[in-house]
Amino acid sequence: MTERTLEGFGPDSLRSLVEELFGFPADSLALTATLDDLGLDSLAMMELGTVLEERTGVEMGSRLVDVSGSESLDQVARTIAGFLAR
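Numbering (our numbering), first residue to last: 236 to 321.
Quick caveat, the hints were computed from the structure, so don't treat them as lab data.
Check before you lean on any hint, since a few could be wrong.
Stated by the list, open to error - Simulated restraints on C-beta separations: (1) S263 / E306: 12 to 20 Å; (2) R321 / G274: 27 to 35 Å; (3) T285 / G245: 17 to 25 Å; (4) D272 / S251: 29 to 37 Å; (5) G292 / D271: 25 to 33 Å; (6) G292 / A265: 16 to 24 Å; (7) E282 / P260: 17 to 25 Å.
None of these values were measured; they are calculated from a predicted model.
A virtual CB, placed ideally from N, CA and C, is assigned to each residue, including glycine.
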């Protein structure tokens, strides 16, 4: 994933990032797993947002901090895709 090449950002893209940043094996991450299930808090979302920002040039960090811990990976991927589409 490089600058603005995240057009097709989806659940698999998020799985790869979560694996890269937080050490979870991507193939073991269920799309229904919530951020709380994975122990990913607002600081983790800030880190994820910062990486996405660096790779896409789209401001993300502060947007992802407000993502609820009860959201699934699938929901978070859709939220990120929406931000990238703007």
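How the hints compare with the structure:
For S263 and E306, the hinted distance range of 12 to 20 Å is satisfied, since their beta carbons lie about 19 Å from each other. Checked against the hint of 27 to 35 Å, the C-beta distance between R321 and G274 comes to roughly 29 Å, which is consistent with it. For T285 paired with G245, a C-beta distance near 20 Å keeps the hint of 17 to 25 Å intact. For D272 and S251, the hinted distance range of 29 to 37 Å is not satisfied, since their beta carbons lie about 18 Å from each other.
A beta carbon spacing of about 30 Å between G292 and D271 agrees with the range 25 to 33 Å that was offered as a hint. Range check, G292 to A265: about 31 Å between beta-carbon atoms, so the 16 to 24 Å window is missed. Checking the proposed 17 to 25 Å range against E282 and P260 shows it holds: the Cβ atoms sit about 19 Å from each other.
Hint check: violations occur at hints 4, 6; the rest are consistent with the structure.
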